[in-house]
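Here are the chains, one letter per residue:
Number of protein chains: 2
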Amino acid sequence: MSRSHHTDPFTPLAPTPRQSAPAPALLTDLYQLTMLQSYYEHGMEQPAAFEFFVRKLPPNRGFLMAAGLEQVLEYLENLAFTPGELEWVRGCGMFASDFADRLERFRFTGSVHALPEGTVCFPDEPLLRITAPLPEAQFVETRLLNLLHFQTLVASKAARMVLAAPGRLLVDFGLRRAHGAEAGLLAARAGYLAGLHGSATVEAGRQFGIPVFGTMAHSYVQAHDDEETAFEHFARSHPGRVVLLIDTYDTEAAARKVVRLAQRLSADGIAIAGVRLDSGDLAAHATRVRRILNDGGLSGTTIFASGGLDEWSLEKLLASGAPISGFGIGTQLDTSGDAPSLDCAYKLQEYAGAPRRKRSEGKVTWPGRKQVLREYGADGRILRDTLTLEDDPLPGTPLLGRVMDAGKRIGPAPELEAIREHAARELATLPAAVRPLTLPGTVPVQVAPALTRLAAEVDHHTG
Amino acid sequence: MSRSHHTDPFTPLAPTPRQSAPAPALLTDLYQLTMLQSYYEHGMEQPAAFEFFVRKLPPNRGFLMAAGLEQVLEYLENLAFTPGELEWVRGCGMFASDFADRLERFRFTGSVHALPEGTVCFPDEPLLRITAPLPEAQFVETRLLNLLHFQTLVASKAARMVLAAPGRLLVDFGLRRAHGAEAGLLAARAGYLAGLHGSATVEAGRQFGIPVFGTMAHSYVQAHDDEETAFEHFARSHPGRVVLLIDTYDTEAAARKVVRLAQRLSADGIAIAGVRLDSGDLAAHATRVRRILNDGGLSGTTIFASGGLDEWSLEKLLASGAPISGFGIGTQLDTSGDAPSLDCAYKLQEYAGAPRRKRSEGKVTWPGRKQVLREYGADGRILRDTLTLEDDPLPGTPLLGRVMDAGKRIGPAPELEAIREHAARELATLPAAVRPLTLPGTVPVQVAPALTRLAAEVDHHTG
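Line by line, the protein sequences give chains Z and L.
If you're matching positions, the first sequence starts at -13 in the working numbering and goes up one per residue.
If you're matching positions, the second sequence starts at -13 in the working numbering and goes up one per residue.
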């Protein structure tokens, strides 16, 4: 998608990426600190391997899209306790007297293997593995889950919207009902990499170079004594990007005002690029508004719709033939409304060279350092995935790659545009059975014999 | 609740509140900026009144609990564009050349009326009103919604858990699956003010003085060659707060190890305060574990449970008589799992002295500056609420009060403990019909004649 198309309803901003302040190291669960102290006290600092994976898909989901890795790597590279945090640890009365001294030197020195962001994946497959001295690999759990879970959740939701509305302009409008500042910002990022075209969130444009889009609010119309004056004021203030919100009072009456206004504005060379609908029966309004605009000579003025939309309503609107060329998607995207969380975990798979496994009811894990091998059919679609140990020479393309070593990222961070292109290629590999929005199938993930043998051995030795 | 009870499984930390860096001013929707420029250009800077309210309750909800006001006031007091942000606005090519100069001077100079945090409330009732010059009142919309929506969502969810599990220890465990850093932090705050006893999130303890709780993870147990050694290591590292996670392999076998370990540790004066269950049939395991502990002389060792819990599972576990004294509640609290968003809005109600109203289908608003008047029965429970204009002399206790004037907070910020006590008193005023978890009733909100008359007048004059 081009970054500058002045005839479009919404004009993206130029990207000038910038990093925000990192979250505090104390943004973690208390038990990470109590366990850390105990690991230090008992000399348990051998290498550990933890893996992050999703246990099962939410209802109506056939696949996941991995996202959030860049923020994880940034977290790991910058992780350090500030003097204020150390002072708090010293003063809180919960830890051994020398614990804060250990924390002062605490850095992440381990390695990371991961799926590239934008890769489609399935339950039980590791999205990321951390290999590091046990205290480090343990401590990073909370924030790592917090980052990977959310962006994977939103990218997976956004990918469904992309599949439901091919060729339509899709814009994230969700900041206001996202769960806080970071959720709004990272939802814009996850949505964009999954294939949306941009976001209304200005800071997402500034930090990530994501195209930013916007129209006007009902309050803008209401603040004027009449609707047509509101439209004209806005058009004269922003002649290059006139998109008018027409449902504040009476949608079709407003469409006729738009036609009248367009005639007056054309003398000054100002065109009305689009109108936005935000309430009522969007398909019916769009059809009537399209006719009014066309009859008024505004066949080039596009219709954009918003208001509680999700992937199902996109699919339904498009199936009805509604003449809508773009959609603002807010709450249902940023909160992943039908499934606001994934059943995911970050589990110890190996310590000091020995494979480990949890056997809690309903939460059994596969031990060892794992790899996912993917096989494709002649049509380029995924045939099957195999979950196995890292060094198992089975056929298939290995999906996890090393991205960090000794606490430092390997190579430059990929551009967000490149991640977005990878995601588009990945969506094209999804088998037809996985694509329906409702009750989709999923890709079979077979567990290799090497892994089942190892699990049996571990069970024999632990408990 | 006492802040220091050393015989408890979880020891709260001393509060040392601290403010985090404010979110960037550009964490907003693009249209706020485009509208702002247009308001400036057309001299629309008269006073405007906007109100925040929830349109309707999610399924299975009978009430809301207002929360997030403190973060809104902090935002309004500190709102300013940084030099870096102004530079970006100047360089992005979307705004008039003098717009950034106006933004440089931009501050919030208005007033705020609001429900105190912790107040129970109902659809259509304003939780907050902003009165300020139109550009200011307009611009703050996005972040104000982002803050008020989320904490009100989580406090309302947490209040249901408090009602479902009276007298039990309830702790927020949700950071890892909260939607980003701020969501985790503010969910801890919203949950605590609604009546939870604390959070696992350390930063919530540091910033808000919320009691912080923690146990151990499965990985701690797995990293040891045997479970009993893991238990002993942890107990010796944290002798004052021994809570052992016993479901990593075989729950009842682990409970028997706890009994053996307790005998060894008692020689060193270390007691096992509690055990935690995190999987399987929690009621059945708790009953069997309780018997094992009691038979082993550990009748003072409490049982704490976690694992995908929500208010319905709390109610069911307690109805079954399960011997569980506390619960860790994570994902379902921090994401408000059954209803991850509220249908809420921030709408213009008055501009330049004239009342305003939106008439979009399904989204009609009541015009004017409003007040909620609450009437109570002899039992202290809410009888009814009346929604009316600010100066209407009808009976009832007015719920909205002025908290900010000319951009400055009136009086000191209330202590979080005081908010929490107010919330507990508010929950006690809920009528019985509103309390069931499933298909509850709600409190009737009657619209006063003054308001319906005003709405009719507005409809007559606008459009």
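If you're looking for bench data, these hints aren't it; they were derived computationally from the structure.
One thing to keep in mind: the hints can contain errors.
Put simply, identical chains are the same to the list, so a pair is met inside one copy or across any two.
Unchecked claim - With a Cα cut of at most 20 Å, we get these calculated SDA-like pairs of lysine to any residue: (1) K394 x I368; (2) K42 x D324; (3) K394 x F92; (4) K302 x A269.
Remember, it's a predicted structure, so these values are computed and weren't measured experimentally.
Failing hints, ascending? 1
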